[in-house]
Every structure is written in structure tokens, then in C-alpha cells.
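Novice: This is what each chain is made of:
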Amino acid sequence: MSERLFEMIIWFVAALSFVLIGTLIFDIGRLGTSGLSFDFLTQLPVNSGRAGGILPILTSTLIVLCITLTFTVPLGIACSLWLSEFVERKNAAAQLAKIGLDALAGVPSIVMGLFGHVFFSQFLGFGFSLLSGGLTLSCMALPIFIKTTVEGLTALDSDWRRQAAALGLSKTTLVWNVLLPASSPAIAAGLILALGRATAESAALIFTSGYVDRMPESVFDSGRVLSVHIYDLAMNVTGGDKAAYATALTLTALILLINVFVIWVSEKWLKGGALNL
Amino acid sequence: MFKLSSFFRLNLDLFWGRLFGILTAVVACLVGLILFFLVRESLPVFHELSWKDVFSKSEWYPMSGHFGMAGMVFATVAVAWGALLAATPFGIGCAVFMVFLAPRSLMIAMKMILAIGAGIPSVVFGLWGLTVLVPWIAEHQPPGASLLASIFILGLMILPTVALTSYSALLSLPSSLRQASLALGIGIKGHVLSVALPAAKNGLVAGMILALARAAGETMAVLMVSGNIAAFPSSIFDPVRTLTANIALEMSYATGQHRAALFASGLLLAICVLVMVVFAHFFQRHRIHE
Amino acid sequence: MNALETSVLTDGGFTHLYESREHLTHLSVRSLKITYQKKAVLDDVSMDFFRGCITTLIGPSGCGKSSFLSALNRLSNLTPTCGVTGEIELDGKNILADKFSQRELSQKIGMVFQKPNPFPLTIHRNLDLPLKEHGMSCRERRNQKIEAVLREVGLWEEVHDRLHTPALHLSGGQQQRLCIARALVLEPEVLLMDEPCSALDPISSRVVEELIRSLRGRLTVIIVTHNLAQARRIGDFSAFFWTHERVGRLIEFGPTKVIFDSPLHELTKAYVTGISG
Numbered sequence: 546m547s548e549r550l551f552e553m554i555i556w557f558v559a560a561l562s563f564v565l566i567g568t569l570i571f572d573i574g575r576l577g578t579s580g581l582s583f584d585f586l587t588q589l590p591v592n593s594g595r596a597g598g599i600l601p602i603l604t605s606t607l608i609v610l611c612i613t614l615t616f617t618v619p620l621g622i623a624c625s626l627w628l629s630e631f632v633e634r635k636n637a638a639a640q641l642a643k644i645g646l647d648a649l650a651g652v653p654s655i656v657m658g659l660f661g662h663v664f665f666s667q668f669l670g671f672g673f674s675l676l677s678g679g680l681t682l683s684c685m686a687l688p689i690f691i692k693t694t695v696e697g698l699t700a701l702d703s704d705w706r707r708q709a710a711a712l713g714l715s716k717t718t719l720v721w722n723v724l725l726p727a728s729s730p731a732i733a734a735g736l737i738l739a740l741g742r743a744t745a746e747s748a749a750l751i752f753t754s755g756y757v758d759r760m761p762e763s764v765f766d767s768g769r770v771l772s773v774h775i776y777d778l779a780m781n782v783t784g785g786d787k788a789a790y791a792t793a794l795t796l797t798a799l800i801l802l803i804n805v806f807v808i809w810v811s812e813k814w815l816k817g818g819a820l821n822l
Numbered sequence: 013m014f015k016l017s018s019f020f021r022l023n024l025d026l027f028w029g030r031l032f033g034i035l036t037a038v039v040a041c042l043v044g045l046i047l048f049f050l051v052r053e054s055l056p057v058f059h060e061l062s063w064k065d066v067f068s069k070s071e072w073y074p075m076s077g078h079f080g081m082a083g084m085v086f087a088t089v090a091v092a093w094g095a096l097l098a099a100t101p102f103g104i105g106c107a108v109f110m111v112f113l114a115p116r117s118l119m120i121a122m123k124m125i126l127a128i129g130a131g132i133p134s135v136v137f138g139l140w141g142l143t144v145l146v147p148w149i150a151e152h153q154p155p156g157a158s159l160l161a162s163i164f165i166l167g168l169m170i171l172p173t174v175a176l177t178s179y180s181a182l183l184s185l186p187s188s189l190r191q192a193s194l195a196l197g198i199g200i201k202g203h204v205l206s207v208a209l210p211a212a213k214n215g216l217v218a219g220m221i222l223a224l225a226r227a228a229g230e231t232m233a234v235l236m237v238s239g240n241i242a243a244f245p246s247s248i249f250d251p252v253r254t255l256t257a258n259i260a261l262e263m264s265y266a267t268g269q270h271r272a273a274l275f276a277s278g279l280l281l282a283i284c285v286l287v288m289v290v291f292a293h294f295f296q297r298h299r300i301h302e
Numbered sequence: 007m008n009a010l011e012t013s014v015l016t017d018g019g020f021t022h023l024y025e026s027r028e029h030l031t032h033l034s035v036r037s038l039k040i041t042y043q044k045k046a047v048l049d050d051v052s053m054d055f056f057r058g059c060i061t062t063l064i065g066p067s068g069c070g071k072s073s074f075l076s077a078l079n080r081l082s083n084l085t086p087t088c089g090v091t092g093e094i095e096l097d098g099k100n101i102l103a104d105k106f107s108q109r110e111l112s113q114k115i116g117m118v119f120q121k122p123n124p125f126p127l128t129i130h131r132n133l134d135l136p137l138k139e140h141g142m143s144c145r146e147r148r149n150q151k152i153e154a155v156l157r158e159v160g161l162w163e164e165v166h167d168r169l170h171t172p173a174l175h176l177s178g179g180q181q182q183r184l185c186i187a188r189a190l191v192l193e194p195e196v197l198l199m200d201e202p203c204s205a206l207d208p209i210s211s212r213v214v215e216e217l218i219r220s221l222r223g224r225l226t227v228i229i230v231t232h233n234l235a236q237a238r239r240i241g242d243f244s245a246f247f248w249t250h251e252r253v254g255r256l257i258e259f260g261p262t263k264v265i266f267d268s269p270l271h272e273l274t275k276a277y278v279t280g281i282s283g
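These protein sequence lines map, in sequence, to chains A, B and C.
Residue numbering for the first sequence follows the numbering used here, beginning at 546 and increasing consecutively.
Residue numbering for the second sequence follows the numbering used here, beginning at 13 and increasing consecutively.
Residue numbering for the third sequence follows the numbering used here, beginning at 7 and increasing consecutively.
No lab work stands behind these hints, which were simulated from the structure alone.
Here a beta-carbon is modelled for each residue, glycine too, at the ideal position from N, C-alpha and C.
Be a bit skeptical, because a hint or two may be false.
Stated by the list, open to error - Subject to a maximum C-alpha distance of 25 Å in a straight line, what follows is the list of computed DMTMM-like cross-link-like pairs (lysine to aspartate or glutamate): (1) C:121 with A:552; (2) C:39 with A:704; (3) C:105 with B:25; (4) B:213 with A:552; (5) B:201 with A:552; (6) C:45 with A:633; (7) C:121 with A:704; (8) C:275 with A:704; (9) C:39 with C:50; (10) A:692 with B:262.
Said to hold, decoys possible - Simulated coverage check for chain A against chain C, where a stretch passes if three residues somewhere in it have a Cβ under 8 Å from a Cβ of chain C: (11) 695 to 707; (12) 711 to 722.
Using the sequences and the hints, build the whole thing.
Specialist: Here you go:
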């Protein structure tokens, strides 16, 4: 095989991948825009979603995401700080915890759904509810978030830690005032990955937050998220394709929006010279 | 002029350390909790289940006590490995292209499209497969929803992940390697095949294991394009049903032994994937130690 | 603040101080041994540092000077594999004993690192944080102190109108002077400096050197440097370290003039004249 042929094969493989993924993105855009409108985002679904809009579904999605965020960020930051600042790297407990987190990240979403169903909905008695769904998603988002945050913290200049010790700053001060703000880009990246995964999730939510497409009235209400709506429209509702694509575009746009928002917030945080504790 | 508040401050450190440690322990133990509940829920069926039948028969009639999962286990393995085998050459090809061949603008475009692709929800891949790919296959070889369609959609889904992890594995190689090859007059082909890829091997393999785990655990995308028939497929154009799809399809109405059997299949799946993940964990660690 | 100023002896003072007080020992080290993973890197070091004098530590790379420096304020405790035995007495009190808290020590002994390492905060907060941490709760007093210390390092004119901008936007030399200011803000008695000029351009390096010189008489300065000319220019006393069988040892200690012009030891002579090292 000559040099030239090898290069041609690589170009071909890359071009084909580019075209395939590009086609998919293009199709979502093309088929989605035809059904997307302001009304679509602000109306109730009619006729199982064939007509009308997705307002309750969008609302449920945002509530579930907020619940996920509420549990993932504080818990995730606590775990990351413990792993990177409060124990030695070779500590056996920390190693074990890391394996546990890796394993948690690998649990298939449908299995997570089974667990959420049994544990949150039945054992803890939350029933089919946005809360159960949000908690289940937290279990999936946490290991991703922690992994990225720990990497960000370990990548920081270790001189700061020595300097803080030389100045007699407590670990608490160092962490809150220096390390966390400095690693905010990594935290943002972790948040984007984790939230992206959570927003895209459908299998784990079918048995936890449920199918109901009414407007949720509290976190203990059942509610349908965007991805479950897409699934339902595509599989169970004949003639729902157009609405399904419009929802798919909304969902993809939502994920992109979350990315932009998180990056914006983290830059604000960094510029503002950190938390004032 | 300085008050000694050290006692209080140091205790604050101790307090946070303890608290964070406990929280980490809780989160790390979640995986144990998951396994515990899966086992608990599948216990009722354990004494009735003959594992030999489960893996050798394809009759899945849980209402009448037939728990043959061979067809579904095969479908799960075939779909995951098929997707990985299909995606790997393309993924690594894209990575090699970006690192060694692409002009800057194309490299950025490629990276962007891969990043967007990696962020698209699996259910959207499923939707596209259902409305574009399946009808297209059906034109040539009905029914369309099939093992092939599942492999194609899952392969496309993990392609960006494989490409991006391979890309970072290749990028993390020291640039001196490339300079050494250049100095020896080795071309791109020789460098890629005999220097770069072998050197980045562990990173590539770790990325592939994670992609395989993701493919094996995927539910919705497969569910939408696989046809969902629990029998053993006789060709690549036959419809199949994976373990994950099975759970998603039947869980909402399953009771008693049927429900327990579904949990047992979930447990089986979880254990397989966990083994892969822990394996990948050690693979990555060894890379650092080498 | 006033306490500091009154302690400064006038008339360009050092010689006066030196001769009239017969070099008061401020920090004394007795048979100090430093190990990493049980292997000795520095052994059997005994020497005195005199109040108000600048002592330069010279010697080839890897002879344990930096380890020695970080043992003096117990910063070596941060490295779990590092062990320090022997005695280090600050005004007659052994600082290696547990009774001496890290916080108390960090107030009495300041440290400046090789690479300028301001925290990723504003200039003001870099100085404010240690003050707050050490219990100065009155904002007015903190601000006065910050202004005073910035004037002391000659930064006030340059930065007084942008105190609330990120410290990392300063030039390298300014950053290092800020770090010195941060070390001085706690009013330490001893200042440890680990090659404070080696990461700076020649002009900034000169400015920092002048600054160090200006500290003479008020603080006991201990400075590691690879720049022999600098060691000669700024030192009152010099200590020469050399590696013998992979273990760093103190070869010779005395007035800088003696070490550079008429050393007793052959190794010292070879090193300071540039024959070896």
C-alpha cells in the first residue's frame, strides 16, 4: 500500500464520517424547523402530540434538570474536593471511591431506570414523579461531573497550595477562595457534560418520571420530558413524525443553550474575582 | 495585632474534610445500592430460573415460565460489537485525519461536527434511524427494522466518542515522536501505522471499551430501529430485540415472576458493563504508570 | 505598623546593627536532616541566621537548598514522604515541636517562591485574604495595611488605581513584588525566598533585588539563589552547600565577604570562582 493510497483512504473515511454525521444534523435541522414555531413551544399538546405544542413537556424537562442540578452540583463538588484536596492521592479509600464512581458512570441508563423505579419511586415513596426522575438523573450525572472537576482541580498550579500553607491559610479558605474559582472552567465543562447527558436521557426516565403529558403542578407530579416525548411520538403515535422532529430540534437546541449558558456563567464567575466568602 | 483563631479554623478544615469524605463514600456506594436493589427485586425468579435455559433457548414467554434470553443476549452482544467494529475504523480514521492530514480549517470543522454529534441525544439518533434509515433499508431488504439498522445507528452514535477519545490519545503523544519519524524520513503512513497507533494503543483501547459499554447499555436508539422480536436472528436483516429494549418494552406491565426476570436481565447487563468499565479503569491507570 | 518602623535602625543601619549587637541569633539550626522516602537529601546541617541580616544559600542544583528552606517553615510537611529531624529554633523555641502551630509559624516566617504565584484573585484580595485569615476583622485597618505594604514594595504608585483588577494581569516582576508584599503583609520576622529573581527578566530582577536589600535590618532574610553575583551583592552572610555522595551538606558558612574572597574550603573556592558546579 503506497503512501498516497493510505492518505486517500484516511481522507475518504473522514469525509464519509463527516457526511454521515452532517446529514443527521442537517436532517434534524431541516425536518425540525418546519414544525417549530413560537406556538409550538407555548401550547399544550393536542391529539397525543400530533398537533398543539410541548409547553408542559418543556416545563417538566426544565424542572427535572433543576432537580438534577440541585443534587449534582453540591454533592459533586464535595466529592471532587475530598478526592483532590482532602486525601492523599494514594489513599486506599480514595482509590476505592474512584472505582466506585467509574462503575457508577458505567451503569446502563435502563438499569438506572430500574433502580430509580424501585428505590426512589417505591422504596422512598416518591412515586412516578419529577423528583424521582431528577434524582435518578443525578445518579447518572454525578460521576461524570466529579471526574471532570477532579481533573480540573489536579491540573491547578500546586504552588498555590504551598503558598497558602506558607501564609497559614486554612484549607477551607484555600478551597473556597482560590481553587474552586480557578477551576471554574473545568467545573463548567463537567456541568455541560453531565447536564447534556441528563437532558438527553430517556430510558432512565420512563419508569421514574413517567409518561404523563399534563402540566406538572409540583415536583411530586409525574411529567414527560422532551426525549420521552420524541420516543412516544415516533413509536406510538402515527403521524407524529413532524412534531417529533420539532421536539428533537428543541431538545438539541436546549442542550446547546445549556452549553452556552454554563460557559457564560463560569466566565462571569472567574471575572468577578471569585466568591466573596 | 493578630488574634489567634487557629483552633476554630483548623476545626473547620477537619469538619469539611469529614463531611466531604462521608458524602464521597455515599456517592461511591451508590453502585452497591443499585446492585443490591436489582438482586432484591430479581430474587423471586432465581430459584425458578435455569441459567442453562436462559442462555440456550430463545423462547421468551415469561408469563408461562419460559425465560429463554439467548436471542436477546446474542442481539445485545452482536449490536454492541457490531457497532464498535463499524465505528472504530471510522473513528480512528477521523482522529488520524485531524492530527496528521487535515488543514486547520477542516480540522476545526471536523472537531465541531464531532462535538455536536457526541451531544445529540440517543433518542434523536433513534428517530432519524426510524424515519430515514429503516425505510431506506426496507426498500432493498424488508422489513427494514433489523440487526443491521441497529448496528448502523449505534455505530453512528458512538463514532464521535471513539473519534474524540482517539484524537486526544494521539494528541497526548510527545511531539518528539513525529520529529523522530520525520528525521528518519518515515512518511505519514509508516508513522501512523508503526509509531503513533501502537504508542497510543492503551488510550485507544480504553476509549473503545467505554464506547462498547455505552453501546451495550443503550436502549432507546436500538429500541426504535431493531424491530423488537425476541427470536434468534437468522440474518443481519432480521429484526432483533436487545436486553435493554426488552426491559423498556415490558417493564410497564410486567408483574410477579415476569418483573423479577426483567430485573434479573438488568442485573446481568449491569454486571457485564461494570466488568468492562472497571477493566477500562485499570487500562487507563496502567497507561499512566508505564 | 509603628512597631515595625521603630525597630528599623537608621543611618543605613546594617553595619551599625551588626557591630553593635554582635549578630543576635534569630533562627538556629542544629543537626538538621531531611529525608525523602527514607533517603537523606540533606544531612547534618547546623548554622545560625542572624537578626536583620540577609543570608544567601548557594550551591549547585539538587544540593538540598530548597528542601532546607522549606523545612524552615515546616512547608515540607505538605510532602508526606518528606521527613525532617533535628532542631530548628526561632528565638529559642523549637518550631519542629508540635506546640508551634502552623498558623503561628506562618505569621512569623514568610515565604516567597521562585515562580511568581499570586492567587487568581484581584490584587487587593491577594493581600486581604491572609489578613482576614489571621483575624484582622476591621476592614479599615486591612486597607491601611495593604496600602502600606504596597508602598513598601514600590507597587502602590503602579497599581493603586487598579487594586480590584486580577493580579494575574500584572507583569512578572510586578507579580513577584506583589508576592513579596503578600509575604510582608503579615509582618513576619523572617522571610524565606526561593530563587525569587530567577523567573524574572533582568530589569525586574534588579528591582526585586533592590527591594530585598531594603529589607535589611528589619527582617531576617534567607534567600536561595543560583546567581553568584547577586548572592555577593545582597548577602551579609553566605552558606555554601555541596552534594557529597548524593547527600547535600553544608560546606562552609560565614560572612559573604569571606565566603567569596577568602573561603576556607577548597570546594567553596572552586565554586565561587566558577571552576566547579
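Novice: Decide if the proposed pair is consistent with the structure: residue 692 of chain A and residue 262 of chain B, CA atoms, cutoff 25 Å inclusive.
Specialist: The given pair, whose Cα atoms are some 34 Å apart, is violated under the 25 Å limit.
Novice: Under the criterion that the straight-line Cα-Cα distance not exceed 25 Å, is the pair residue 121 of chain C, residue 704 of chain A satisfied?
Specialist: Judged against 25 Å, a Cα distance of about 8 Å means the pair holds.
Novice: Assess, step by step, whether the Cα of residue 201 of chain B is no farther than 25 Å from the Cα of residue 552 of chain A, and give holds or violated.
Specialist: holds, 7 Å
Novice: Holds or violated: residue 45 of chain C and residue 633 of chain A, Cα atoms, limit 25 Å.
Specialist: The given pair, whose Cα atoms are some 21 Å apart, holds under the 25 Å limit.
Novice: Below or equal to 25 Å on CA atoms is what counts here, so check residue 213 of chain B against residue 552 of chain A.
Specialist: Between residue 213 of chain B and residue 552 of chain A the Cα gap is close to 21 Å, so the pair holds against 25 Å.
Novice: Has the given pair, residue 39 of chain C with residue 704 of chain A, been kept, meaning a C-alpha gap of at most 25 Å?
Specialist: Measuring from Cα to Cα gives roughly 24 Å; hence the hint holds.
Novice: Taking a Cβ-to-Cβ distance below 8 Å as contact, does the segment 711 to 722 of chain A have at least three residues touching chain C?
Specialist: Since 7 is at least three, the answer is holds.
Novice: Within a Cα-Cα threshold of 25 Å, do residue 105 of chain C and residue 25 of chain B meet the stated pairing?
Specialist: holds, 19 Å
Novice: For the pair supplied as a hint, residue 121 of chain C and residue 552 of chain A, is the alpha-carbon distance within the 25 Å limit?
Specialist: Roughly 45 Å between the alpha carbons, so the hint for residue 121 of chain C and residue 552 of chain A is violated.
Novice: For a C-alpha distance cap of 25 Å, please report whether residue 275 of chain C and residue 704 of chain A respect it.
Specialist: This hinted pair is violated, its Cα atoms lying about 35 Å apart.
Novice: Between the segment 695 to 707 of chain A and chain C, are there enough contacts, at least three residues with CB-CB distance under 8 Å, for the coverage claim to hold?
Specialist: Three-residue rule met by the segment 695 to 707 of chain A, so holds; n is 5.
Novice: Please work out if residue 39 of chain C and residue 50 of chain C have their alpha carbons no farther apart than 25 Å.
Specialist: holds, 6 Å
Checked against the numbered hints listed earlier, the structure breaks hints 1, 8, 10; every other hint is satisfied.
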